[in-house]
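2 protein chains.
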Amino acid sequence: MKEIILNLIENGNYSEARKQLIEMNEVDIAQLLEELDKQKLLIIFRILPKELAAGVFSYIPYELQGYIIESITDKEIKSIIDELFLDDTIDFLEEMPSNIVKRVLQATDDETRKLINQFLKYPEDSAGSIMTIEYVDLKKEMTVKQALEHIKETGVDKETIDTCYVLDNNRILEGIISIRKLILSDESTLVGDIMETDPIYINTHDDHERIASLFKKYDLISMPVVDNERRLVGIVTIDDVVDIIDQENTEDFQKMAAMHPSDEEYLKTSPLTLARHRITWLLILMISATLTGNIIIRFNDVLQSVVVLASFIPMLMDTGGNSGSQSSTLIIRGLALGEIKTSDIFKVIWKEIQVSAIVGLFLSLLNFVRIYFLKKIDLNISLTVCITLFLTVMLAKIIGGVLPILAKKLKLDPAIMASPLITTIVDAAALTIYFSVATWILHI
Amino acid sequence: MKEIILNLIENGNYSEARKQLIEMNEVDIAQLLEELDKQKLLIIFRILPKELAAGVFSYIPYELQGYIIESITDKEIKSIIDELFLDDTIDFLEEMPSNIVKRVLQATDDETRKLINQFLKYPEDSAGSIMTIEYVDLKKEMTVKQALEHIKETGVDKETIDTCYVLDNNRILEGIISIRKLILSDESTLVGDIMETDPIYINTHDDHERIASLFKKYDLISMPVVDNERRLVGIVTIDDVVDIIDQENTEDFQKMAAMHPSDEEYLKTSPLTLARHRITWLLILMISATLTGNIIIRFNDVLQSVVVLASFIPMLMDTGGNSGSQSSTLIIRGLALGEIKTSDIFKVIWKEIQVSAIVGLFLSLLNFVRIYFLKKIDLNISLTVCITLFLTVMLAKIIGGVLPILAKKLKLDPAIMASPLITTIVDAAALTIYFSVATWILHI
Numbered sequence: 000m001k002e003i004i005l006n007l008i009e010n011g012n013y014s015e016a017r018k019q020l021i022e023m024n025e026v027d028i029a030q031l032l033e034e035l036d037k038q039k040l041l042i043i044f045r046i047l048p049k050e051l052a053a054g055v056f057s058y059i060p061y062e063l064q065g066y067i068i069e070s071i072t073d074k075e076i077k078s079i080i081d082e083l084f085l086d087d088t089i090d091f092l093e094e095m096p097s098n099i100v101k102r103v104l105q106a107t108d109d110e111t112r113k114l115i116n117q118f119l120k121y122p123e124d125s126a127g128s129i130m131t132i133e134y135v136d137l138k139k140e141m142t143v144k145q146a147l148e149h150i151k152e153t154g155v156d157k158e159t160i161d162t163c164y165v166l167d168n169n170r171i172l173e174g175i176i177s178i179r180k181l182i183l184s185d186e187s188t189l190v191g192d193i194m195e196t197d198p199i200y201i202n203t204h205d206d207h208e209r210i211a212s213l214f215k216k217y218d219l220i221s222m223p224v225v226d227n228e229r230r231l232v233g234i235v236t237i238d239d240v241v242d243i244i245d246q247e248n249t250e251d252f253q254k255m256a257a258m259h260p261s262d263e264e265y266l267k268t269s270p271l272t273l274a275r276h277r278i279t280w281l282l283i284l285m286i287s288a289t290l291t292g293n294i295i296i297r298f299n300d301v302l303q304s305v306v307v308l309a310s311f312i313p314m315l316m317d318t319g320g321n322s323g324s325q326s327s328t329l330i331i332r333g334l335a336l337g338e339i340k341t342s343d344i345f346k347v348i349w350k351e352i353q354v355s356a357i358v359g360l361f362l363s364l365l366n367f368v369r370i371y372f373l374k375k376i377d378l379n380i381s382l383t384v385c386i387t388l389f390l391t392v393m394l395a396k397i398i399g400g401v402l403p404i405l406a407k408k409l410k411l412d413p414a415i416m417a418s419p420l421i422t423t424i425v426d427a428a429a430l431t432i433y434f435s436v437a438t439w440i441l442h443i
Numbered sequence: 000m001k002e003i004i005l006n007l008i009e010n011g012n013y014s015e016a017r018k019q020l021i022e023m024n025e026v027d028i029a030q031l032l033e034e035l036d037k038q039k040l041l042i043i044f045r046i047l048p049k050e051l052a053a054g055v056f057s058y059i060p061y062e063l064q065g066y067i068i069e070s071i072t073d074k075e076i077k078s079i080i081d082e083l084f085l086d087d088t089i090d091f092l093e094e095m096p097s098n099i100v101k102r103v104l105q106a107t108d109d110e111t112r113k114l115i116n117q118f119l120k121y122p123e124d125s126a127g128s129i130m131t132i133e134y135v136d137l138k139k140e141m142t143v144k145q146a147l148e149h150i151k152e153t154g155v156d157k158e159t160i161d162t163c164y165v166l167d168n169n170r171i172l173e174g175i176i177s178i179r180k181l182i183l184s185d186e187s188t189l190v191g192d193i194m195e196t197d198p199i200y201i202n203t204h205d206d207h208e209r210i211a212s213l214f215k216k217y218d219l220i221s222m223p224v225v226d227n228e229r230r231l232v233g234i235v236t237i238d239d240v241v242d243i244i245d246q247e248n249t250e251d252f253q254k255m256a257a258m259h260p261s262d263e264e265y266l267k268t269s270p271l272t273l274a275r276h277r278i279t280w281l282l283i284l285m286i287s288a289t290l291t292g293n294i295i296i297r298f299n300d301v302l303q304s305v306v307v308l309a310s311f312i313p314m315l316m317d318t319g320g321n322s323g324s325q326s327s328t329l330i331i332r333g334l335a336l337g338e339i340k341t342s343d344i345f346k347v348i349w350k351e352i353q354v355s356a357i358v359g360l361f362l363s364l365l366n367f368v369r370i371y372f373l374k375k376i377d378l379n380i381s382l383t384v385c386i387t388l389f390l391t392v393m394l395a396k397i398i399g400g401v402l403p404i405l406a407k408k409l410k411l412d413p414a415i416m417a418s419p420l421i422t423t424i425v426d427a428a429a430l431t432i433y434f435s436v437a438t439w440i441l442h443i
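For the protein sequence lines, the chains are E and U, in the order given.
Every letter in the first sequence is one number past the one before it in numbering that gives the first Met the number 0, and letter 238, counting from 1, is 237.
Every letter in the second sequence is one number past the one before it in numbering that gives the first Met the number 0, and letter 225, counting from 1, is 224.
Hints were generated in silico from the structure; no laboratory data involved.
Where hints are given, some of them may not hold.
Note that identical chains are pooled: a pair holds if it fits in a single copy or bridges any two copies.
Stated by the list, open to error - Pairs of lysine to any residue residues, derived as SDA-like cross-links and limited to a Cα-Cα distance of at most 25 angstroms, are as follows:
1) K346 x E94
2) K151 x E186
3) K267 x L405
4) K151 x G191
5) K410 x I397
6) K180 x D81
7) K74 x I99
8) K346 x Y61
9) K37 x D27
10) K74 x G54
11) K215 x D124
12) K18 x S184
13) K267 x Y61
14) K216 x M95
15) K18 x I193
16) K216 x G65
This is chain E alone, in the form it adopts within the complex (with noise of 0.2 angstroms):
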């Protein structure tokens, strides 16, 4: 299918092309577009009908957006605005250059560009920025057949007619009611009778994660957005709540790897950016590792006497770290997913103990085994090495289940107390074990 179009296109056989594109999702077409040189892509893009192209314009990569808006006329910009649903317009506009969206807000119409500017003030992680206002709009005094006929004179342009919204005269919310319960209704019904009256709402100024959580729990596939006054503005739609969904996980798998969040794709991303976001933390734990560096040297005689010693650290470190690692990681995830609150930290910690001894004593009895009867290590050796192993797996699990607690408690992202940070921290535990242990078992 593709390969026919490209070769269709290649031989300038437009009328053809057009007609199979025509045929295709908006999606594969955006696809297809972006795999054409640039003149050949603007020539596809024109001949598409005007519905259909704004459909596809909402797919493409912003980079290419920006070419399309740069190269078309002014009446063509007014076309795909008018024809795009305002959440994609956002979407669109808060990546462009300035000189761009001047462009654009000038090809269109006074009230769009009214609408446009409000939109664009909302704060990036707010149900503003990511709402619509594509939807339908009934009164509680309607009958059924009322409220279907309104919907099929005004549900053209709609981006979901599968939820109507119940307005009074001063655009307060009332009520919600499906499209379904409309149909499956007697025509003579007042809406207001049948409508769900207490529906789930948010409100302009709420946040990106509330919003997936709500939608998470409800199972909705849309949300009314209302004004402090409960007035309507606009809908958000499940579509950008999986966005969502994938934006924030993204941020908290970059978090939790000492980061900072961005949601720019890797590839797309210039190196001195990612270099930027990686350098602070990078920083901040290199400079407290040089703690963990400062015992190794306070404790120097001990390593000189018995050499052997210096060999386990690596072990000791890591287990540490990778031990508390997975704690932190079960925990950060079951308090971003509301499985785990805050209030939960004793029973966390409860468990936590007990894993902890069972791995920590799994872990110490084999290294015992591998160590005395397979290496031939002293026993002194071996028992300092294992009891320290032991301890930090325990000291580790207890460490990496209560700090991301501890950090949500205190208004703070749990999502940084993960490997990195918690790695660091356990370094320095492990080898201060070890060295007491040491100085204690053998006598130094």
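Chain E is already provided as a structure; the job is to place chain U on it using the hints.
This is chain U only, laid out in the frame that chain E set:
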């Protein structure tokens, strides 16, 4: 609200409590039931209207579902199962012990039992395991008017009627049509003339990852599931896909922290199970870390002659590990979201070379100032540390960028190439570089 109802239940005023409950969302009722003692829970559950009871049932924890099924009559079980959507029934039965499954199957009629048995057989990670059969099917030859009447007659029990499925006489999927399109079209139009003939669909055996990526790519709300003959067997809806996305992310987080992935909630998992999930990787990594220990022993002479070198080992190992983890995390996430492909390997290497050069240079220079000028450490030693730091960061970031892609090429899960494994590899590399540079610069 919640307090009022809890109070009414406390005082035995069940009829008033029922009145209040009926006004509530089923998700919120489920949450309220969780807080009651088991006897009260049963009373409340039984006074709810049948349909609402089924809805609430699908939202309460498995443990309480099991308790309810054990405590009610066969007739009550049948009425719940009849009201439940099939996907919710399957979800719940998959978690129940066999005696409860048996009881449920005995209580249902032949047809339902056959369906349940068929659906329980689909592999856990397949489309079959999360699909439901409550959809509306139409015929091409129907007019829009007939179609809407058909929906009105049969649509009450359907999970979603927003999209209807057009089937031929052998139930082969010929197209889909949204309810919106039906409503907005002329009554006499034929469904076959306005349906979408090339819908996105999946096979019963396609896995969850593929489903999620199709939903995201095409912004879908529901998707048809067909068998090998393209016969429609069910549909998947977005609410289940959102759960899948969360689950897949949780599994990635766990794998990246060197744990066996599991979708059980942390607080509901026994310490022994948690320990089992964590021990395998800890063991593998612990034994790998002894390699690093051997390097220390091998270069013991160097450490003995320049004691201060030992104090920089933790800093070098940690910074290397963190640098590598940053890169591998970004690549693993990019691969999971489909933003990076295995064919991008050279782009990734080139990008990591640039990023690591910037980061490495910055950290090394800063370190040089810190240890040579501020700590007044010998020039050659300062140089040794900073050159090692630079090379380690470079190497770590390239390894971190490449290994996840190689894993994917080898059909392994890229997520295992995360922090713990990268750290172990980079630790050994960092020490080897360190001692090599030291031997070279300090002429030891």
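Status of each hint after checking the structure:
1. K346 x E94: between (45 angstroms within a copy, 24 angstroms between copies)
2. K151 x E186: both (15 angstroms within a copy, 12 angstroms between copies)
3. K267 x L405: between (36 angstroms within a copy, 21 angstroms between copies)
4. K151 x G191: both (19 angstroms within a copy, 20 angstroms between copies)
5. K410 x I397: within (20 angstroms within a copy, 35 angstroms between copies)
6. K180 x D81: Between copies only: 20 angstroms across chains, 31 angstroms inside a chain, cut-off 25 angstroms.
7. K74 x I99: within (15 angstroms within a copy, 66 angstroms between copies)
8. K346 x Y61: between (47 angstroms within a copy, 20 angstroms between copies)
9. K37 x D27: Only inside one copy: K37 and D27 sit 17 angstroms apart there, 53 angstroms across copies, limit 25 angstroms.
10. K74 x G54: within (17 angstroms within a copy, 51 angstroms between copies)
11. K215 x D124: The answer is both: 18 angstroms in one copy and 20 angstroms across copies each meet 25 angstroms.
12. K18 x S184: between (41 angstroms within a copy, 23 angstroms between copies)
13. K267 x Y61: Cα proximity of K267 and Y61: one copy only (11 angstroms, versus 44 angstroms across).
14. K216 x M95: between (34 angstroms within a copy, 23 angstroms between copies)
15. K18 x I193: Intra 45 angstroms, inter 17 angstroms, cutoff 25 angstroms: inter-copy only.
16. K216 x G65: between (37 angstroms within a copy, 21 angstroms between copies)
Consistency note: the structure conflicts with none of the earlier hints.
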